[in-house]
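In terms of our numbering, the sequence shown opens at residue 3 and continues consecutively.
By construction, these hints were calculated from the structure, which means they are not laboratory data.
Lysine-lysine pairs mimicking PhoX-like chemistry, simulated, CA-CA at most 25 angstroms apart:
1) 315 <-> 43
2) 339 <-> 74
3) 18 <-> 315
4) 37 <-> 315
5) 315 <-> 228
6) 74 <-> 43
7) 228 <-> 37
8) 107 <-> 228
9) 43 <-> 228
10) 107 <-> 200
11) 107 <-> 43
Derived Cβ-Cβ restraints for the label pairs, each shown as a range:
12) 247 <-> 4: 43 to 53 angstroms
13) 7 <-> 74: 53 to 63 angstroms
14) 208 <-> 351: 24 to 34 angstroms
15) 303 <-> 223: 30 to 40 angstroms
16) 7 <-> 254: 25 to 35 angstroms
Quick reminder that beta carbons are idealized off the backbone N, C-alpha and C, glycines included.
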Amino acid sequence: MSFPYDGIADYQNWSKAVTGMDSHRLDPQHGARFKISTDTKIASAGSCFARRIAKSLRGSGLNYYDAEPGPKFLNSEQRDAHGYGAYSARFGEVYTTLQLLQLLKRATGEFQPLETAWSGPNGLVDPFRPTIQPAGFSTLGELENDREHHLEAVRRMFAEADIFIFTMGLTETWCHADDGAAYPLCPGRGIGSFDSQKYRFRNLGVAENVGLLCEFVEALRELNPKTRVLLSVSPVPLAATIEDRHVLSASTYSKSVLVVAAQEARRRYENVDYFAAYEIVMGTFNTAEYFESDRRTVSQSAVEHVMRSFYEKFSDVTPRVVQGAAGDEASAALPLKPCDEDLLLMYLDRDFGKSK
Numbered sequence: 003m004s005f006p007y008d009g010i011a012d013y014q015n016w017s018k019a020v021t022g023m024d025s026h027r028l029d030p031q032h033g034a035r036f037k038i039s040t041d042t043k044i045a046s047a048g049s050c051f052a053r054r055i056a057k058s059l060r061g062s063g064l065n066y067y068d069a070e071p072g073p074k075f076l077n078s079e080q081r082d083a084h085g086y087g088a089y090s091a092r093f094g095e096v097y098t099t100l101q102l103l104q105l106l107k108r109a110t111g112e113f114q115p116l117e118t119a120w121s122g123p124n125g126l127v128d129p130f131r132p133t134i135q136p137a138g139f140s141t142l143g144e145l146e147n148d149r150e151h152h153l154e155a156v157r158r159m160f161a162e163a164d165i166f167i168f169t170m171g172l173t174e175t176w177c178h179a180d181d182g183a184a185y186p187l188c189p190g191r192g193i194g195s196f197d198s199q200k201y202r203f204r205n206l207g208v209a210e211n212v213g214l215l216c217e218f219v220e221a222l223r224e225l226n227p228k229t230r231v232l233l234s235v236s237p238v239p240l241a242a243t244i245e246d247r248h249v250l251s252a253s254t255y256s257k258s259v260l261v262v263a264a265q266e267a268r269r270r271y272e273n274v275d276y277f278a279a280y281e282i283v284m285g286t287f288n289t290a291e292y293f294e295s296d297r298r299t300v301s302q303s304a305v306e307h308v309m310r311s312f313y314e315k316f317s318d319v320t321p322r323v324v325q326g327a328a329g330d331e332a333s334a335a336l337p338l339k340p341c342d343e344d345l346l347l348m349y350l351d352r353d354f355g356k357s358k
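With these hints in hand, go ahead and build the complete structure from the sequences.
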């Protein structure tokens, strides 16, 4: 009888696929279920790392779809400050599978959250996009009009995209106790007001994430039968955890759950694939180089490694040099705007400084 491992490919063998390989060229991404051409309409959303992916795609020469580009009179700095151009619509960070599913349901009118506005330092803020309006909204009517326009753009994005890329970031989330609405930020510290009777913490496990991803894929397929979904997991660690354990352990758990959930969704659906961005950053033995001094911010060299794999495996197009989020020198000079989760670290660091 033949031995089951006789004749396995080099990429299946650690000594041939990993040992002795240049760690900067090591690529755990094997193949792709679909290819992206210059005609493929790409949309994306996700956690902080998703913004880095979107920035590369915008300048690559591929067809990155922006359904909500914003007013033309805004310059690059103003567009960035107001949340335009970071993703395919002005939804800010979408960290969890629950938040993603609810975004689709809100855009199609299937889910209308009970809570419509939070108080902010300069006016009202949208609980589901708490940082997209720097000066806040002056009135509830202004906020709701902007949200209506936004959700129309989101629905158009989902309905027209050929490929939707979602970069999952967290399993931990805060939700409204009554309707389960998931927020990108825990309310409080000047953006909303925390109430333990009104908000509850959830840490979504494997089964929950798989179920939410499957529900999203099926709902998206009903709206747009041609679309394909490409899942990835952000390598950016948790900023903080509310659970009583070390944040590094909590982060490892969260990322592991998301990788398993994404792979399970891929096993179940032919129109779903998985991109190993997390493994490229965390598993190619470059972690000292691939993170900045805070050990959380992913370096540009890591992003380049990730995107080189993406273009080689998922596209036949050689990307042009990426200059900025909008493909212009002005946007290239702008530093990345802090993500929603970064605000939590900023609050914690500020409190730590006051206590000393």
